[in-house]
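Enquirer: Using the sequences and the hints given, assemble the complete structure.
These protein sequence lines map, in sequence, to chains A and B. The number in the working numbering is simply the position in the first sequence, starting from 1, with 88 added. The number in the working numbering is simply the position in the second sequence, starting from 1, with 1 added.
Everything labelled a hint here was simulated from the structure, so no lab data went into it. Heads up, some of the hints might be wrong.
[Unchecked claim] According to the in silico footprint, chain B covers these stretches of chain A (three or more CB under 8 Å from chain B):
hint	stretch
1	151-157
2	243-257
3	265-276
[Said to hold, decoys possible] Anything over 10 Å on all C-beta distances counts as not near chain B; from chain A, calculated:
hint	residue
4	ARG99
5	ALA106
6	VAL113
7	LEU122
8	ASP141
9	ASP194
10	VAL195
11	LEU220
12	GLY221
For glycine and all other residues, C-beta sits at the position ideal for the given N, C-alpha and C.
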Amino acid sequence: MAHIDTDEPTRRDFLYVATGAFAAVGGAAAIWPLIDQMNPDASALALASIEVDLSSIEVGQSITVQWRGKPVFVRRRTAAEVEEAKSVPVETLPDPIARNDNLSGDVPATDANRAAEGKEEWLVMVGICTHLGCVPKGQKVGDAKGDFGGWFCPCHGSHYDTAGRIRKGPAPQNLEVPVYSFLSDDRIKIG
Amino acid sequence: MSHEITYTPSNAFTRWLDERLPIMGLAHHMLEYPTPRNLNYWWTFGGILTFCLLTQIVTGIILVMHYTPHVDLAFNSVEHIMRDVNYGWLIRYVHANGASMFFLAVYIHMFRGLYYGSYKAPREVLWILGVIIYLLMMAAAFMGYVLPWGQMSFWGATVITNLFGAIPLVGDAIREWLWGGFAVGNPTLQRFFSLHYLIPFIILGVVVLHIWALHVPGNNNPLGISVKDEQDTVSFHPYMTVKDALGLTVFLLLFAYFVFYNPNVLGHADNYIEADPLQTPPHIVPEWYLLPFYAILRAITFDIGPIDSKLGGVIAMFGSIAILFVLPWLDTSKVRSARFRPLFRQFFFLFVVVCLGLGWAGGQSPDRTIFTSSEVIGTYESAGEADAAIAEAVSQTDATADMFKKHDVIEDGVYGVEVERVDYAFDVASLSLVLTILYFAYFLILLPLLGLIEKTKPLPESISKAVLAEKDA
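Expert: Written as structure tokens, this is what we have:
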């Protein structure tokens, strides 16, 4: 092969690099569908919202519903539970952020920012421990509710209070409040 | 010592074949391959592991003929295999216990390598390929455990995939990508099934490389000195094939004990309950062979600078395996075998104890207390008086209420309530942390240092001289 000594890149050098770059981009574009097929598909996304009837829940009771394959806790809290949650200074919480998907920005984890807007007895949260994804106990009568009267995760010992905020244990964040809205006084739509 | 292929075709057909594909020469090399004459029974685990891999592949292919990878059908199809399929119970028990036997053998094989310095030059690539096989084995075993879709399958998958959520910024996206949804579900089961079928064949490919990388420098041996001439070696067949066959037979006795007499002792009873996404079992544990890593994961309960405890645990867990890749360069001693390294030998056995301790800790609840430093502050006639005493102690000292424990006691026939102040409790999480530190210290501090300070024993001149000297004595 002819070898030409020159500092200037030749036309052949340019074509060589351009071909290589084109092949690399094309290769990446061809691989993307193979990777993206593993992301949540249309049928999983289609199940993104559910409606829940709240009319049968008495004060102090909780129900668990399934949304996007995950348990969602709905609790109608007693006045004492609400008072207890309100009395905790936000700055003493391990996670001072509300983690409420209905509110924009990192608002403080006050009880008002955790509970349903204008209906402070209702608490709706994804029932998945923010540590490693177990379902905390505390929904059923007779369940361990932890040191703060809310929920207790048996896997690695995280304690949540009556507003679903982490108080003790390895979990890094408060239980997530999903996007939801009241359709009427006794019906909510989650998602 | 690289072995030349000395095969000469003996008839017209093999001559014809040899010119086109020298496969007969390869087979000839495998049989004539010179092995050190002093190999002991710890060296039979390579053959045992090959047997384990082939057993898993054969039984796995059969199980797939009867199994259905769908969340609604998987659990029942496994029960169908157990109850209806001819010998289904046998094939499934061989496959399930075969995984445990595979790991038992691989751990013995790895500790053999650690003890006799088989990872050192010129066998670094051989060792690294082995670590890759081990990683692939863990991935295959984890995904395989998910397939029966029992409670431990589901929650094990949930906990392990949630580990990836600890990765900053992209953690949540990676988790949903792994799940194919917003939680472990049918897409997760189906992709795990696909990969569980694939990985053993990747392992088979890496095993071929592993054996290739073995046959270039040749076997290490209990003396750890290099083979010098033909006096030091014997032919693989029949000497090692027979030795391997005996080792395998004894191993199969243990295998058969588990399959026929105790097939569920290594599993968890909760996996015979169908997966329920709304109900977490009280105590999630992985299979026994992953327990040491589970203990390391849970040992980090505190934040380290910007790294929170969850990410810290994940980094420590992956780090504990990643460190094996650089082991050949962490050990500074030129002497391979522990036989000539008196200090290393003692620390090696301590390291084995550390690994077993981590395995034990991984199976326990992290808050289980091992020992406490406490003081009985008094015995009272009723629980009310005991509570009053605790309240008084809290107000007068800097102790907090959760440090006190009450026990019912009966002394000389009189009922009382004893109050104990627990000043310090050493629990499983603390033990895991101590053992994790020792695990890393072995690789990062001990091995680099020992090579510099240790006075090793004199090495024998050659394998054959050492063998003959032993025989004379």
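Enquirer: Next step is simple, just say for each hint if it's right about the structure.
Expert: Now the hints, each set against the structure:
{"no.": "1", "hint": "151-157", "result": "holds (count 4)"}
{"no.": "2", "hint": "243-257", "result": "holds (count 3)"}
{"no.": "3", "hint": "265-276", "result": "violated (count 0)"}
{"no.": "4", "hint": "ARG99", "result": "holds (41 Å)"}
{"no.": "5", "hint": "ALA106", "result": "holds (32 Å)"}
{"no.": "6", "hint": "VAL113", "result": "holds (22 Å)"}
{"no.": "7", "hint": "LEU122", "result": "holds (12 Å)"}
{"no.": "8", "hint": "ASP141", "result": "holds (18 Å)"}
{"no.": "9", "hint": "ASP194", "result": "holds (16 Å)"}
{"no.": "10", "hint": "VAL195", "result": "holds (20 Å)"}
{"no.": "11", "hint": "LEU220", "result": "violated (5 Å)"}
{"no.": "12", "hint": "GLY221", "result": "violated (4 Å)"}
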